[in-house]
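Both chains come to you apart, so use the hints to assemble them.
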Amino acid sequence: EDKVVQSPLSLVVHEGDTVTLNCSYEVTNFRSLLWYKQEKKAPTFLFMLTSSGIEKKSGRLSSILDKKELFSILNITATQTGDSAVYLCAVWTGNQFYFGTGTSLTVIP
Amino acid sequence: SAVISQKPSRDICQRGTSLTIQCQVDSQVTMMFWYRQQPGQSLTLIATANQGSEATYESGFVIDKFPISRPNLTFSTLTVSNMSPEDSSIYLCSVEGGHSYEQYFGPGTRLTVT
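From first to last, the protein sequence lines stand for chains F and Y.
Residue 301 is where the first sequence starts when you use the numbering used here, and the numbers rise one by one after that.
Residue 1217 is where the second sequence starts when you use the numbering used here, and the numbers rise one by one after that.
The shape of chain Y in the complex, shown without the other chains (with noise of 0.2 angstroms):
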């Protein structure tokens, strides 16, 4: 299994401002995925980071929006950017488990933007 780190674990953002997510994984991997989660609700996949490549970005998702970073095969980025209340929310990285497909998660970032 892949262990895999945050950071931050949670923040407090005024409207307007931009928060990095970082992303950490304690082993190679090709495929990352970048999640948000609003209260009550599942999990929406907001792109897939594989190194190498532009972000793929689900619909109703946006680059300039959320942009993302994927320097190496152990480390991603998620920027949300000019921040709304609307935002607030957990946000998790994860990776596939290679031949076996299962995913691993991070441990989320809680966002909360007055």
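Just chain F, same shape as in the assembly (with noise of 0.2 angstroms):
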């Protein structure tokens, strides 16, 4: 069965920390990985990894994707309270997108 699990659930950081957002998988027909963030309905396009070892980077996040042991990370640098979302991890099999639960970050000023 195809899945997506994305961890920690939940995380609560203070303003300034640097925090790392885990996402693995297991899909038949990989064919690229997603990472969104959603504040309030619509979750907004951030990066898409379809290489192993290439980080994609916009200002204070970056992604790698790790197609050996099926992973990706997300990393937010020196975060602030604008950061606080649900950050959303899918995998596109070329038929379907597969969302994990995401992981829910509280940034505290």
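Hints are supplied without guarantee of correctness; some may be wrong.
Claimed, not checked - Below, in silico cross-link-like pairs of lysine-lysine (DSS-like), each with a Cα-Cα straight-line distance of 27 angstroms or less:
(1) F/341 <-> Y/1223
(2) F/357 <-> F/368
(3) F/341 <-> Y/1281
(4) F/303 <-> Y/1281
(5) F/367 <-> Y/1281
(6) F/303 <-> F/356
(7) F/357 <-> F/303
(8) F/337 <-> F/357
(9) F/337 <-> Y/1223
(10) F/303 <-> F/337
(11) F/341 <-> F/367
Hint data in this document are derived by calculation from the structure and do not stem from the laboratory.
Encoded structure:
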């Protein structure tokens, strides 16, 4: 059964901390892995990863994929209160997206 | 990227009634997806809607309860039929981003059933 597992389920940090969110997957036909940030209703796209070892970076956020060990991490450095959100990981198989349950991040001032 | 709009953005409905949610995309797309997100949960795929064919439903979702239309490459509707309080949820439509395999989401419809 195809599945995507995220950890931790929730995280509370102070502003300025660095956090690492984890996403592991088991799918029969991996095409790409995507990270989303969800604050109110619709998730917003952060990164798409298709190749192992190549870091994607956008400001304080970065992500990398390991296709051998079947996982990805999302790093956020110097966290801010505006980073508080649920971070979703999804895997695209060519037919369907499989979503993890998300990691709820709370950044305390 | 694709720009997606959904209507209505929110609604409060009575038990036993039906609500149709519309999803409009600003470009032609082959695959459209309908998701449900219940409070505190991740996204659950309801069905995949391809233009010109019947929607493909995931386990636990049936056409009688969630009929879907896909009349063209830019539009789809999802109907939540014979609603109960358990249907209270956010309903999201999304599209695949073509060659990039990205996925774009509509703003969502927040449904409350009383």
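Results of checking the hints against the structure:
{"no.": "1", "hint": "F/341 <-> Y/1223", "in the structure": "holds, 14 angstroms"}
{"no.": "2", "hint": "F/357 <-> F/368", "in the structure": "holds, 21 angstroms"}
{"no.": "3", "hint": "F/341 <-> Y/1281", "in the structure": "holds, 23 angstroms"}
{"no.": "4", "hint": "F/303 <-> Y/1281", "in the structure": "holds, 26 angstroms"}
{"no.": "5", "hint": "F/367 <-> Y/1281", "in the structure": "violated, 38 angstroms"}
{"no.": "6", "hint": "F/303 <-> F/356", "in the structure": "holds, 23 angstroms"}
{"no.": "7", "hint": "F/357 <-> F/303", "in the structure": "holds, 26 angstroms"}
{"no.": "8", "hint": "F/337 <-> F/357", "in the structure": "holds, 15 angstroms"}
{"no.": "9", "hint": "F/337 <-> Y/1223", "in the structure": "holds, 22 angstroms"}
{"no.": "10", "hint": "F/303 <-> F/337", "in the structure": "holds, 19 angstroms"}
{"no.": "11", "hint": "F/341 <-> F/367", "in the structure": "violated, 30 angstroms"}
Comparing the model with each numbered hint stated earlier shows that hints 5 and 11 do not hold.
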